[in-house]
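If you read the protein sequences in the order shown, they are chains G and R.
All the letters of the first sequence, read from the start, carry residue numbers 13 to 100 under our numbering.
All the letters of the second sequence, read from the start, carry residue numbers 25 to 194 under our numbering.
Please keep in mind that the hints were generated in silico from the structure rather than gathered at the bench.
Honestly, I wouldn't trust all of these hints.
[Said to hold, decoys possible] Chain G regions said to be covered by chain R (calculated; three or more residues, Cβ under 8 angstroms):
#1 51-60
#2 69-80
[Unchecked claim] Some chain R residues judged to face chain G by a derived CB distance under 7 angstroms, without partners named:
#3 38
#4 70
#5 117
Just so it is clear, the structure is predicted and the values come from calculations on it, not from any experiment.
Where a beta carbon is used, it is the ideal one built from N, C-alpha and C, also for glycine.
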Amino acid sequence: MSASPDGSPANGPGARCGVWATAGIFNRHLAFFFVPIAVGLLAFGDLFRESGPGILVAIIVGTAVGIAVTGGVAEWLLRIGSRSGDTR
Amino acid sequence: MTTVFCVALTVAAYALSRRIGRRYPSPLTVPVFLATPMVMVVLVATGIDLDGYAHAESFLAEFLGPATVALAVPLYRNRRVLLDHALPVVVGLVVGAVASMVAAVGAGALLGLDRGIRAALAIRSVTAPVAIELAGKVDADPTVAAASVAMGAAAVVVSLLAPVAVRVLL
Numbered sequence: 013m014s015a016s017p018d019g020s021p022a023n024g025p026g027a028r029c030g031v032w033a034t035a036g037i038f039n040r041h042l043a044f045f046f047v048p049i050a051v052g053l054l055a056f057g058d059l060f061r062e063s064g065p066g067i068l069v070a071i072i073v074g075t076a077v078g079i080a081v082t083g084g085v086a087e088w089l090l091r092i093g094s095r096s097g098d099t100r
Numbered sequence: 025m026t027t028v029f030c031v032a033l034t035v036a037a038y039a040l041s042r043r044i045g046r047r048y049p050s051p052l053t054v055p056v057f058l059a060t061p062m063v064m065v066v067l068v069a070t071g072i073d074l075d076g077y078a079h080a081e082s083f084l085a086e087f088l089g090p091a092t093v094a095l096a097v098p099l100y101r102n103r104r105v106l107l108d109h110a111l112p113v114v115v116g117l118v119v120g121a122v123a124s125m126v127a128a129v130g131a132g133a134l135l136g137l138d139r140g141i142r143a144a145l146a147i148r149s150v151t152a153p154v155a156i157e158l159a160g161k162v163d164a165d166p167t168v169a170a171a172s173v174a175m176g177a178a179a180v181v182v183s184l185l186a187p188v189a190v191r192v193l194l
């Protein structure tokens, strides 16, 4: 099986209808689609003046805890799994 | 006409910010952080208000749906790893998502944020397109407004901090 430059199988599933290529464009430029939403923040000036710092802190805390707990739990389970040897 | 201009403006700002970001790689030069103020400045300078930009915004936000579905492709590509470690992956994600929501809402409550904003913080972690759908179900209008705030702010903050966070935590 040959592979295209982006590593997708040239004759794998989805190749004929261009799923790989289309998804590749979306994935590469995912950030673009968040720009208009972020611009829309202009409409919420009052709300930001009122509770901006609180929102900011809550987002940072929530995101950091999410990353840390997800990684921590997954790593812990991987460690137990490899020790007892019953999960692949 | 305004809508066409706004879409073109957004694309141009994104393209420019990508070019800058490639030359000066830094969390401060990621597209969301750099292109957003560019668009804002031009809007203010040309006197286009947000109602004028709203059509372009909803048109472009429409693509967040397919863009999110497209994330399935990298998952498919890494299916071996994911399936081999299905248990740690699933449990880690579920526990992590819940912890993220609890932490965000808890921090919001401690900081005295409104109920609507706290609801928005809770659904923020499920990514924008899903969250906008959820917003209607969790509560009415104010939540939708707050959700878009949390989402937009989160997009900016996370795009800014994610590279740093990953480096620190790994």
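Status of the residue 38 of chain R interface restraint (C-beta, 7 angstroms, chain G): Given a least distance of 5 angstroms, the restraint on residue 38 of chain R holds.
field: chain R over the stretch 51-60 of chain G, status - at least 3 residues with CB closer than 8 angstroms
entry: holds (count 8)
query: Against chain G, is residue 117 of chain R within 7 angstroms by beta-carbon distance?
result: Residue 117 of chain R check passes; min Cβ-Cβ to chain G is 6 angstroms, inside 7 angstroms.
message: For the stretch 69-80 of chain G, count the residues whose Cβ lies under 8 angstroms from any Cβ of chain R; is that count three or more?
response: holds (count 12)
- prompt: Would the stated hint for residue 70 of chain R survive a check requiring a Cβ distance to chain G of less than 7 angstroms?
  reply: violated (13 angstroms)
In summary, the one numbered hint that this structure violates is 4.
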